[in-house]
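J.: The primary structure of each chain is shown beneath.
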Amino acid sequence: MESLYHIYKRRGYTRRDFLTSAIAISTALGLSSSLLPKVVKALEVKPKPVVIWLEFQDCAGCTESFIRSTSILPTDVLLDYLSLEYHETLMSPSGFYAEESKREAMEKYRGKYVLVVEGSVSPKDKGVYCTVAGKSNIDLLKEAAEGAGLIVAVGSCASWGGIPHAYPNPTGALSVSEVLKGKQVVNIPGCPPIGDVMVSVIANYVITGKAPELDSMGRPKTFYGQTIHDRCYRRPFYNAGRFANSFDDEVAKKGYCLYKLGCKGPITRNACATIRWNGGLSFPIQSGHPCFGCSEPDFWDRGMIYTPLSVVSGEFGIKEALVGVAVGTAVGVGVAYMNKKLRGGK
Amino acid sequence: MSDVAFYDFVRGPFLKFALFVFFVGIAYRFFRVIFLGLPADYAKPKGSPPFMAVKKIIIKPTMGWTFNEIFSRRAINFIGGFLFHLGFLGLTFFVPAHALLWKEITGIPFPTLPNIVSDVLAYAALGSLIALTVHRALNPVLKLLTGKDEYFANLLIALIIFTGLLATRWAGGGSYIWLVSLHLFLANLLIIYIPFSRLSHFVYYFLSVGFMGWNAGKRGVSF
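Heads up: the protein sequence lines correspond to chains A and B, in order.
Taken in order, the first sequence gives residues 1 to 346; the numbers are from the working numbering.
Taken in order, the second sequence gives residues 1 to 223; the numbers are from the working numbering.
Hints listed in this document are in silico derivations from the structure and should not be mistaken for laboratory results.
It is possible that part of the hints are untrue.
[As the list claims (entries may be wrong)] Which chain A residues face chain B? A few, computed with CB under 10 Å, are given here:
(1) K108
(2) R242
(3) S246
(4) T268
(5) V333
(6) A336
Quick caveat, the model's predicted, so the values are computed rather than measured.
All C-beta atoms, glycine included, are put in the ideal place defined by N, C-alpha and C.
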């Protein structure tokens with residue numbers, strides 16, 4: 001099977017283009033520059049990765065993001081480089097032939113293929129709420145995970161349960177790691193996650209043969225080690241106490257911080273502020289919208305998308321304070337009355 | 001429990017609970033004392049008790065303001081106390097994140113401080129708190145008046161300011177969420193603790209000083 005270098009050559013790219021991509025991959029993964037010759041060597045000789053991409057309770061947004069990953073590899077090279085043996089949205093076969101292709105790939109590349117899962121898993125009522133080719137999603141996942149060399153959960157749905165997991169969670173949606181207990185799952189959360197991050201994780205597997213370094217929640221540290229707030233270009237305005245008061249505020253365009261408009265950047269780990277989207281063009285905060293923390297667990301149930309972080313969720317206002325004062329007054333007067341009685345009314 | 005889940009807990013249900021306990025506690029102690037009452041005093045006042053009560057509340061904080069008193073005899077108490085209160089109250093109400101919370105509770109918009117001013121206030125409050133605590137521990141008279149309550153309150157407040165500083169100034173990467181959660185958790189403990197400790201002086205100070213003024217007015221004496 002071809003390596004990345006062969007694909008570059010076949011498609012008419014120069015060696016310089018190949019080396020530029022190797023440097024981009026190396027940088028994205030946070031590898032030391034001294035490792036670059038090893039990265040180049042690996043991408044020159046190691047065969048392209050075999051990927052089986054399963055979709056369960058999802059919207060295919062992660063796939064849309066994935067195929068628009070342009071910072072690291074040109075799109076035509078990316079789609080050629082990944083041997084996508086099964087992907088319901090992107091593949092041309094359907095029905096029996098599609099399933100047969102998946103079965104063959106799972107047998108042929110047993111222990112080597114990358115299993116990418118998009119969407120949450122629904123085990124409720126024997127998985128009847130999400131079936132493909134007559135099989136329940138949970139059976140399909142367990143079957144594919146059995147022989148996978150690397151399991152990657154892309155998107156907040158696969159990583160945490162996401163939107164399907166939101167209250168009242170009618171399908172009993174679970175994350176991939178909750179279903180595959182005991183197996184290592186690389187979580188790449190986000191709604192959707194950044195395409196370049198997904199590509200880098202797969203490239204890392206090709207280069208090193210293993211998953212990248214993960215945090216306690218299974219996220220690659222390189223991309224999820226810092227909060228958006230840490231790297232936000234509006235951060236100096238936060239430090240200076242300068243905040244936009246509304247979306248149409250003139251100062252919002254000047255870069256004032258969006259904290260008052262509900263930005264969740266301070267508690268959201270993702271690489272949006274550094275890698276950005278659409279080839280590094282922009283990210284939500286740069287476009288004038290506060291981050292709503294889509295890569296953190298249960299972001300939907302947290303609500304308060306447009307409420308500042310420090311404000312009590314569930315609202316605690318003057319009414320609640322007065323109720324507290326009333327309760328305290330009643331108890332205080334009662335206790336004082338009893339004390340007085342004990343003293344004989346003096 | 002993930003850091004964000006812990007954060008959601010301390011800034012949501014726990015903060016709400018702490019605020020509720022705070023208002024219940026403050027009202028409970030206030031009215032328990034008020035309604036306990038005092039034995040009836042039938043003597044005719046020699047002065048004006050309400051006037052003297054208000055006067056005492058207003059002028060009491062500045063009564064000791066002489067150069068010798070502030071800068072020599074009780075320098076640590078005066079300068080340390082002033083810096084601590086200025087810093088602590090300034091941070092509590094005017095740090096942007098706090099100001100937004102107060103706006104939510106009171107409906108009144110609060111002005112916000114730039115980070116550099118907040119930092120100066122935090123260092124001032126923290127430094128003076130340490131100085132005041134050491135002074136308490138070493139001064140023979142204050143030592144007798146100080147109990148576990150004071151040391152616990154000082155430690156709690158120092159930790160809150162310190163974790164707040166850490167979270168805003170030095171927390172890189174993921175540690176911000178843990179630090180800000182810890183800051184909130186400790187602040188919630190303080191909110192619950194205030195009504196049942198001597199920290200409640202921010203409310204009862206006015207009650208006790210007013211009572212002293214009232215008594216002075218009754219007897220027709222000056223302060």
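J.: Tell me the numbers of any earlier hints that the structure contravenes, in ascending order.
T.: Failing hints, ascending: 1 and 3.
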